[in-house]
Amino acid sequence: MKVCDIVEKLNLKVIGGSEGLQNEVVGGYTSDLLSDVMGNANEGQVWITLQTHRNVMAVASLKDVAAVIIVKGLEAEESTISQSNDEGIPLLSSDLETFELSGQLYELLQ
Amino acid sequence: MEFNYEVEGGNFAKAGNAASSVKKVLKQLNVDPKVIKRVVVALYEGEVNVVAHAYKGNIMVDIDTARIFIRIQDEGPGIPDIDLAMTVGYSTASAMVREMGFGAGMGLPNMKRNADSLKLSSKVGEGTIVELTTNLSK
Ligand SMILES: Nc1ncnc2c1ncn2[C@@H]1O[C@H](COP(=O)(O)OP(=O)(O)O)[C@@H](O)[C@H]1O
Ligand SMILES: [Mg+2]
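Just so you know, the sequences run in chain order R and C.
According to our numbering, the first sequence holds residues 13 to 122 in order.
According to our numbering, the second sequence holds residues 33 to 170 in order.
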C-alpha cells in the first residue's frame, strides 16, 4: 500500500511533502516520544503523533519513515511543513484521536 | 576522513543537522544501510543531549575503512552520576523539553544499543565527552 492510498482511505489532509505520496508503507508506529521513535520505529512505517514541531520531520527523515500523521486536527507549525516539503516526506493530518486513527491504519494494513 | 560540526545548546531548531549530514556522507560512501541506521540513531541522541543539556558542543566524526568514530564534546553542567544517567527513563530535562517529546530518558540507552562501543566521561561544572565507535569490518 502507498501513502496516497492511506490518505484516501483514512480521509487525511496532505499538509506537506506531497512528493513522497508514492512512498510504500510497510507498517505504522504510534508514539509522541522522539527517542522512542528514534530507537524503535522502522523505515517505511507511518508515524502517528500529536507532536507538531519541526523536530518531528528531522526524526522522520533520519528514520526514513513513509509519512507522518498528526492527530486530533492539530495544526503543524510552519517550519514543520516547510521541512516536510524539503525532505519530500508527506506530512498528513487527521481529525481522529490517536487510538482511533492507529486502529484504522492497523485494520487497513492487515 | 574527518568531519566537524558545532552544536548550539538550547537550539532545537537545528537539532539533528549533524546526524542528517553524516547520514548523507555515509550513504555516499556506500556504507551498509543497517550500519548507517545505527550510527544515525546514536549520533542524533548525542546531538540532542548537547542541545537539551549543555551550553555548546562540538562533534567530530572520523571515518576509515575499519570503523566510524564519533566524539561529542560539550561545555555544560556535566553528568554527576553516569550510571544513573544511563538508566532507561532517567531524565533531568525541563518540562518544556519533555512536552516536545524529548526527555524520555531513552537517549543514552539508545546510544549504547546502537554503537559497538560507548565511552562517557564527564566533569561536573565543565562538560561531557561521549565517544561512539561503530565497526565497519564484517
Ligand atoms: N551532554 C550532557 N550534559 C549534561 N547532562 C547530560 C548530557 N547527556 C545526558 N545528560 C544527563 O543524562 C540524562 C539522561 O540522558 P538521556 O538518556 O539522553 O535522556 P534525556 O536526554 O531524554 O533526558 C539527562 O536527562 C541528563 O541529566
Ligand atoms: Mg537525551
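By construction, these hints were calculated from the structure, which means they are not laboratory data.
Quantities reported herein were computed from a predicted structural model and do not represent experimental measurements.
Errors might be hidden in some of the hints.
What the hints assert, rightly or not - 27 Å max Cα-Cα, derived BS3-like pairs, lysine-lysine:
1. R:84 with R:25
2. C:88 with C:56
3. C:46 with C:69
4. C:155 with C:66
5. R:14 with C:155
6. C:56 with R:14
7. C:144 with C:88
8. C:155 with C:56
9. R:14 with C:59
10. C:88 with R:14
11. C:59 with C:155
12. C:56 with C:66
Results for each hint:
no., hint, in the structure
1, R:84 with R:25, "holds, 12 Å"
2, C:88 with C:56, "holds, 24 Å"
3, C:46 with C:69, "holds, 20 Å"
4, C:155 with C:66, "violated, 34 Å"
5, R:14 with C:155, "violated, 50 Å"
6, C:56 with R:14, "holds, 25 Å"
7, C:144 with C:88, "holds, 22 Å"
8, C:155 with C:56, "violated, 33 Å"
9, R:14 with C:59, "holds, 25 Å"
10, C:88 with R:14, "violated, 41 Å"
11, C:59 with C:155, "violated, 35 Å"
12, C:56 with C:66, "holds, 14 Å"
Of the hints listed earlier, those the structure fails to meet are numbers 4, 5, 8, 10, 11, in rising order.
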